[in-house]
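**Student:** Sequence:
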Amino acid sequence: MTARTVIVGDVHGCRLELEDLLGEIGFAGGDTLIGAGDLLGKGPDGAGVVRLFREGGHTSVLGNHDAKVLAWRRGERSLKGSHREHADGMTDADWAWLEGLPLWLRLPEHGAIVVHGGIVPGRPVESHDPSVLMNLRSLTPEGLPSKMVEDGVPWASCWRGPEIVVFGHDALRGLQVYEKAIGLDTGCVYGGELTALVLPEARIVSVPAREAYTPLEA
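Note that our numbering numbers the sequence shown so that position 67 is 87, with each residue one more than the last.
Careful: at least some of the hints might be erroneous.
Stated by the list, open to error - Okay, the calculated beta carbon distance ranges per label pair:
id	residue 1	residue 2	range
1	V169	R94	25 to 31 Å
2	A23	K100	38 to 44 Å
3	P150	E129	24 to 30 Å
4	S151	R93	14 to 20 Å
5	P128	Y198	17 to 23 Å
6	D149	W115	22 to 28 Å
7	T22	D171	37 to 43 Å
8	G181	G109	29 to 35 Å
9	E237	A23	35 to 41 Å
10	V197	P150	32 to 38 Å
11	E44	K100	20 to 26 Å
12	T22	E162	40 to 46 Å
13	L236	A116	30 to 36 Å
I should point out that these hints are in silico values taken from the structure, not numbers from a laboratory.
Glycine included, each C-beta is placed from N, C-alpha and C at the ideal position.
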């Protein structure tokens, strides 16, 4: 079997569902696993998710919830609830792995870019502020980036390439499939599904959440 690249949407601490998804895909030793960000926060086992990625030699882009936990680690903010529980469960090796995650990844073999939030059309990914890369959901009528769903249209609906962008972060809109952009956040932690894109065959695979761990809020 040809080695595959598996890009998974927001896991948010749902380690059991991640294991279910990898089993459904038939993930093998030669395959590559990439997270679209937000491995941490909200769900039951964020440290376990980080450890699965780290120990498997996998990688992820940084999500806004991952960045929140890292900011706490640097003493820049407080942390509570599931985020604090996830942080408390992490080892030094886990922290070192998390601190090394990029904001975006280019996959030239697939003509793709992986980012958590999104990319403003017409601007090179390298020129973006980190907060936009992690938090973008919509473009306003004026073409400005916004993290709010209600502020405009999905940024991905305006993306024309040339590269395909694979992203997460937008559970309210769910699975988004456009010609040059694919959104994989299908709200697993809220009781939805955990979804992955399998390349090069461009196959989308989902498994159901085992339970709703937290309510989905607009």
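**Student:** Hint numbers the structure violates, sorted upward?
**Tutor:** Hints 8, 10, 11 not satisfied by this model.
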